[in-house]
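A.B. asks: Chain by chain, the residues run as shown.
Protein chains: 2
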Amino acid sequence: MAGTPPFIDEPTDTREAIMVATYRALSTHGYADLTIQRIGDEFGKSKSLLYHHYDGKDDLLLDFLDFMLERFEAALPIDDHEDSMAHLKAVLDHGILGSDPAVNGDFMGAMIELRAQAANDPDYRDHFTRSDRFFQERLVDVLRSGIREGVFRKVDPNRSAAFLHTMIVGAMTQRTTVDGFDGDPLRAELQQYLRVVLSADRSLE
Amino acid sequence: MAGTPPFIDEPTDTREAIMVATYRALSTHGYADLTIQRIGDEFGKSKSLLYHHYDGKDDLLLDFLDFMLERFEAALPIDDHEDSMAHLKAVLDHGILGSDPAVNGDFMGAMIELRAQAANDPDYRDHFTRSDRFFQERLVDVLRSGIREGVFRKVDPNRSAAFLHTMIVGAMTQRTTVDGFDGDPLRAELQQYLRVVLSADRSLE
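Going down the list, the sequences are from chains A and B. First residue of the first sequence: 30, per our numbering; consecutive thereafter. First residue of the second sequence: 30, per our numbering; consecutive thereafter.
Derived by calculation from the structure, the hints in this document are not laboratory data. All figures in this text were calculated on a predicted structure; none of them were measured in a lab. Wrong hints could be hidden among the right ones.
The list treats identical chains as interchangeable, and a pair is accepted whether it falls inside one copy or across any two copies.
[What the hints assert, rightly or not] Lysine to aspartate or glutamate pairs mimicking DMTMM-like chemistry, simulated, CA-CA at most 25 Å apart:
| no. | residue 1 | residue 2 |
| --- | --- | --- |
| 1 | K118 | D87 |
| 2 | K118 | E71 |
| 3 | K86 | D208 |
| 4 | K183 | D213 |
| 5 | K183 | D211 |
| 6 | K86 | D62 |
| 7 | K74 | E102 |
Assemble the whole structure, with the sequences as input and the hints as a guide.
C.D. replies: This is the structure in structure tokens:
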């Protein structure tokens, strides 16, 4: 059961309905076996309507990736954490343990397939360059806030964010491509990094 | 110019000749556009000979992945580093900066495409499960040696190896799928982790 993508409960226009159909078809078939026909089957309308809006499968998928990123951006500013350390831990748990129940594993598998298209396709590469930059900048924001609050040491936020972001990308890649991936040792070592390298609280060392 | 894969100068039998042809075709065309015909073109012999040995493209590519891993395993025990810290830094530089001139960038791009197949194909998943385990265990070996030498603290080598290995997978994924990936900030922060979390030398903190 592929369900609906995060941030859409009920589609309110044609584009949103196409995006939900794409999310479902991608979760069910993966990238390699995805066709406009299969997205059309989920959409419940003729595939000619899809061809009216998109040149083909990749054109549609690139719009889908942009749509997901826009939605993610719009949903972001909900910051109800105790402090920046708690906020950072929540972001890392989410990335490393894949703990968001709204995102199914099959969809994450399809996302690594889409990312792999970037190895040869400049349009996919452009998307993942922008989305990686976006997520890394959000980490910089959390680190800057924490430094202001005195929760983090005066580290270079760009350097720490690059490090943490690469860790999240690595965990997502492994989680979707190996059997029995265990995020717990990784998470424990990351907590150690947070305590010893980032935290301003010297008593935690 | 795709060149020859690491660990093969001159193929000495048919399998090695097929492996060199596969490496070149994969570096030139990537996974999605690869065909048995294109491997046959690099091989310089009829594609029917390839079909004699393999059921198809994926069967050949899975044998190629095993072949590369076997060669990597056989080439490994060259340890001429000053101590385990120097050894670990060399491994990490290699993984994060992609500093091995014998491995071209196009080939690394094809490797992320092959890894993405593991999201839906159990045979690819089995390979990457084994190869990730192999590389992670080599990191455990280096960490254990360093603990024995007194160069590293008495950390949990499995936990630290999982952390470092995920960082390498993340860096390889980013390097092949985004524009302008800069490994330097990542490497600087990793040195910080080595100094403050792993090194037994307290004067480095």
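A.B. asks: Look at each hint and say if it fits the structure.
C.D. replies: Evaluation of the provided hints:
no. : hint           : result
1   : K118 with D87  : neither (35 Å within a copy, 40 Å between copies)
2   : K118 with E71  : neither (37 Å within a copy, 50 Å between copies)
3   : K86 with D208  : between (29 Å within a copy, 23 Å between copies)
4   : K183 with D213 : between (28 Å within a copy, 19 Å between copies)
5   : K183 with D211 : between (32 Å within a copy, 22 Å between copies)
6   : K86 with D62   : both (11 Å within a copy, 16 Å between copies)
7   : K74 with E102  : neither (29 Å within a copy, 53 Å between copies)
When each numbered hint is compared with the structure, violations occur for hints 1, 2, 7.
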